[in-house]
Amino acid sequence: MGRANNTSPLPVPLTQADFSGWDRENNHCCTKNDFRIDITGFKMSEWNKSAAQVFAEAFLKSHRNFRRSHEQVVDAWLSHVDTLRKTYKRSVRSKADVEKAASRHRQSERKVNVSLYIRRQQTASLYPETRGTVGAMVERLGRNGMSSDESDHGARGGDPTYNIVNKEWRANAVTDWLRTLDALHLRLRYKGAWEASAGAWPHCRSPSFKASSKPAIKGLPRDFYDLNWLNSRTQFRREELCVSNVFGDLTIPPSVAEYANSCFCIVTFTDILSYREAKPYNPADRQVASGHRRDL
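For what it's worth, numbering that gives the first Met the number 0 labels the leading residue of the sequence shown as 0, then goes sequentially.
None of these hints come from the bench; they were simulated from the model.
Here the structure is a predicted model, which means the values were calculated and not measured.
Just so you know, even glycine gets a beta-carbon here, dropped at the ideal spot from N, CA and C.
Keep in mind that the hints are not guaranteed to be accurate.
To be verified - Calculated lysine-lysine pairs in the DSBU-like style (CA-CA distance at most 35 Å, straight line): (1) Lys48 with Lys60; (2) Lys48 with Lys88; (3) Lys99 with Lys213; (4) Lys42 with Lys31; (5) Lys85 with Lys42.
To be verified - DEER-style ranges, computed between Cβ atoms: (6) Asn32 with Thr132: 43 to 51 Å; (7) Gly247 with His69: 25 to 33 Å; (8) Asn4 with Ser61: 15 to 23 Å; (9) Asp74 with Tyr126: 31 to 39 Å; (10) Val164 with Gln52: 25 to 33 Å; (11) Arg66 with Phe41: 26 to 34 Å; (12) Trp228 with Arg66: 34 to 42 Å; (13) Ala16 with Tyr126: 26 to 34 Å; (14) Asp22 with Trp228: 53 to 61 Å; (15) Pro252 with Asp81: 37 to 45 Å; (16) Ser19 with Met43: 41 to 49 Å; (17) Asp22 with Gly218: 22 to 30 Å; (18) Val91 with Pro127: 54 to 62 Å; (19) Asp81 with Asp22: 25 to 33 Å.
Generate coordinates for the entire structure from the input sequences, incorporating the hints supplied.
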């Protein structure tokens, strides 16, 4: 980037022409001789992640005795990019903007947010049938492997509906297990007898056909990815994913399926209508999800 030290001028922001000229399916965003970063975008923007790969490859070729892996160099570079981004933003912000952002950050820190990832990990650890393989599956997916949701108040007002934003790259077998853990969690909260326990409850999440625009997580086992989605990627994109070996059998055991289906709302990812119509321990039922259901 032509910077001699930390007092050198910051990189020039990218233009729309730079983004339009990038063939994302077959090449990285830049080369080591024409190295650019997206200083006005997110740290983990597609451009910055691609540039990090270029940097790591060039760095390790010129420092062959460097005892760090490719991924470690990528992570270190992205951390540096984040520092550059923050420095750039501070240089263009007004004092009022800085104060407003700091206030929002403080408010965010005060909010209690029980993530899907942590909740599913905890639920998996409580059952012998899910403690090993399923717990490891959730851990491999990580927080970013969980589906997000979008709030939709609609014209009626009142409590919002949270529509699940689906990850098209994720295998149905993995999603079915995550839904199973959600229903197991609700049963635990109701103590198996519609006796709601104290504490914060998850909000009502309804299935939808909306797809997430976020990129797929790299480095997961092959069977964590949807086969049709994976086969539709170009060779360049598949290589970038760094898919690892098959994880193992992701079939829900008959004993767990029978137990779940008799007590909860456990359905397949594609069976959205059944999911909405099912009654016991249904995560998409507002009364059930909020702890206000008292009988069947």
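Status of each hint after checking the structure:
no. : hint                          : verdict
1   : Lys48 with Lys60              : holds (19 Å)
2   : Lys48 with Lys88              : holds (19 Å)
3   : Lys99 with Lys213             : holds (27 Å)
4   : Lys42 with Lys31              : holds (19 Å)
5   : Lys85 with Lys42              : holds (10 Å)
6   : Asn32 with Thr132: 43 to 51 Å : holds (47 Å)
7   : Gly247 with His69: 25 to 33 Å : holds (26 Å)
8   : Asn4 with Ser61: 15 to 23 Å   : holds (19 Å)
9   : Asp74 with Tyr126: 31 to 39 Å : holds (34 Å)
10  : Val164 with Gln52: 25 to 33 Å : holds (27 Å)
11  : Arg66 with Phe41: 26 to 34 Å  : holds (30 Å)
12  : Trp228 with Arg66: 34 to 42 Å : holds (36 Å)
13  : Ala16 with Tyr126: 26 to 34 Å : violated (55 Å)
14  : Asp22 with Trp228: 53 to 61 Å : violated (21 Å)
15  : Pro252 with Asp81: 37 to 45 Å : holds (43 Å)
16  : Ser19 with Met43: 41 to 49 Å  : violated (21 Å)
17  : Asp22 with Gly218: 22 to 30 Å : holds (24 Å)
18  : Val91 with Pro127: 54 to 62 Å : holds (56 Å)
19  : Asp81 with Asp22: 25 to 33 Å  : holds (26 Å)
Checked against the numbered hints listed earlier, the structure breaks hints 13, 14, 16; every other hint is satisfied.
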